[in-house]
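J.: Next come the chains, spelled out residue by residue.
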Amino acid sequence: MSLVPAPLPHTHQPQLSASQRVGYNVEVMARSDVQLMLDVKAGDAQSFELLLHRYRTPLVNFLFRMVRDRAQAEDLAQEVFLRVYRARKDYVPSAKFTTWLFRIATNLALNSMRDRRYRQMEVSIDEPVSVDAEDGSEKPLDLADRRPGVEQHLVEEARRAMIRRAIEKLPEKQRAAVLLHKYQGLDYREIGKILDCSESALKSLLFRAYEALRVELAPLVASSGGYAEKGRLQ
Amino acid sequence: MNCTRIEKRLFPYLDGRLREAERRKVEAHLAECTACRLRAEEFRAVGGLLEELPRIEPSGAFDLRVRARVAAEPQGRNWWVWLRPSPRVAFAASLLLMLVVWTASRRTDVDTYPHGTPATAANVAGQDEDFQAIKDLPVLEDYDVLSNFELLPDLPQEQPEQNSKM
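These protein sequence lines are chains A and B, in that order. For what it's worth, this note's numbering labels the leading residue of the first sequence as 1, then goes sequentially. For what it's worth, this note's numbering labels the leading residue of the second sequence as 1, then goes sequentially.
Derived by calculation from the structure, the hints in this document are not laboratory data. Do not take every clue at face value.
[Claimed, not checked] Chain B side only, calculated, beta carbon under 8 Å to chain A, not exhaustive:
no., residue
1, T4
2, K8
3, L10
4, F43
5, V46
6, L49
7, L53
8, E57
9, P58
10, F62
11, V66
12, R69
13, V70
Glycine included, every Cβ here is placed at the ideal spot set by N, Cα and C.
Whenever a hint applies, use it, and build me the whole structure from the sequences.
T.: Written out as structure tokens, the structure reads:
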């Protein structure tokens, strides 16, 4: 039995849920990640499809923030799913599925970043750029545009670019820790397993990362006034 | 609680993951330590800034590419796969067969010649020359014996004929 279902026509309707797009029923949707993975192990193609729909966006976002290149992030995310598929026969639910998934993703991202560092030694990183919010690609700032709202848009983009650069400047492991903690909502133990460090070491890692970020983002931190507000980081 | 111990409790505190007793201790320290309080407030502000980054959606072809790569994967491995005809297997089998044939023929040659030397025409000719060299050896041997034999002078000399006395 083939695990690959018939290709589905792609839809550009993001409001559709995964179950609507791939035709799953509620019972299938309610299955835990581990149960889905065990079903994939047993040869169920629909379960793999559902895992793909559950984690494609979080994975692509995590990898995009790690490697700062959309095409590369998508390639790496595809590789993550492929490795999950290849490992289906040997899968043992010894840890949370997300821990396993993001451990694969983190290792791939770190390897990719190290490879790219050698290839792009000669490329200047000081060139002024802006990041297009829709496609994530970086473009030179166009200061000649005088349309209403453009100035505000440019200010926001410059602000985002500053935040991105601050994240990019973090050492790889600190960057991964911040992204997994901030955007994936994983608990300390899970992140520790992904990054192969203790829970205590992870808290120190996050502390140092945020120390570096508050220095890099000092102008924005000072103007944000957000620190008067009480509440969780997330 | 001091500033050093705060380091590992600040994140759980800001995330709301501390137990009640621990949370009260942290808050007590923050109330009396300006530096730690400022750091906590700035960490919270940094967290807010990180939320400003927009999420991106995977491209439309993402799922199709994943499916294509998964479809390209072998669906299962079993030992029968190795028995399927393939150029590599055929080449390897041919090489193995040639090696076996060559080895067998070489062993046959060795067996037919007793001293471990292949019975070639050159070897046979060389053997004839050797025979020619030693076939006169008894003659040489007699000469040496005769010329160096120490008892020869002691042998009785042949008497001359009667006419020599005269």
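J.: Work down the list of hints and note, for each, if the structure agrees.
T.: Evaluation of the provided hints:
1. T4: At 11 Å from the nearest chain A Cβ, T4(B) fails the 8 Å test, so the hint is violated.
2. K8: Since the shortest Cβ distance to chain A is 4 Å, the answer is holds.
3. L10: holds, 7 Å
4. F43: With a closest approach of 5 Å, the F43(B) hint holds.
5. V46: Since the shortest Cβ distance to chain A is 5 Å, the answer is holds.
6. L49: Cβ of L49(B) sits 5 Å from chain A, so the hint holds.
7. L53: holds, 6 Å
8. E57: holds, 6 Å
9. P58: Where the cut-off is 8 Å and the nearest Cβ of chain A is about 5 Å from P58(B), the hint holds.
10. F62: Given a least distance of 6 Å, the restraint on F62(B) holds.
11. V66: Because about 5 Å separates V66(B) from the closest Cβ in chain A, which is inside the 8 Å limit, the hint holds.
12. R69: Result: holds, 5 Å to nearest chain A Cβ.
13. V70: holds, 5 Å
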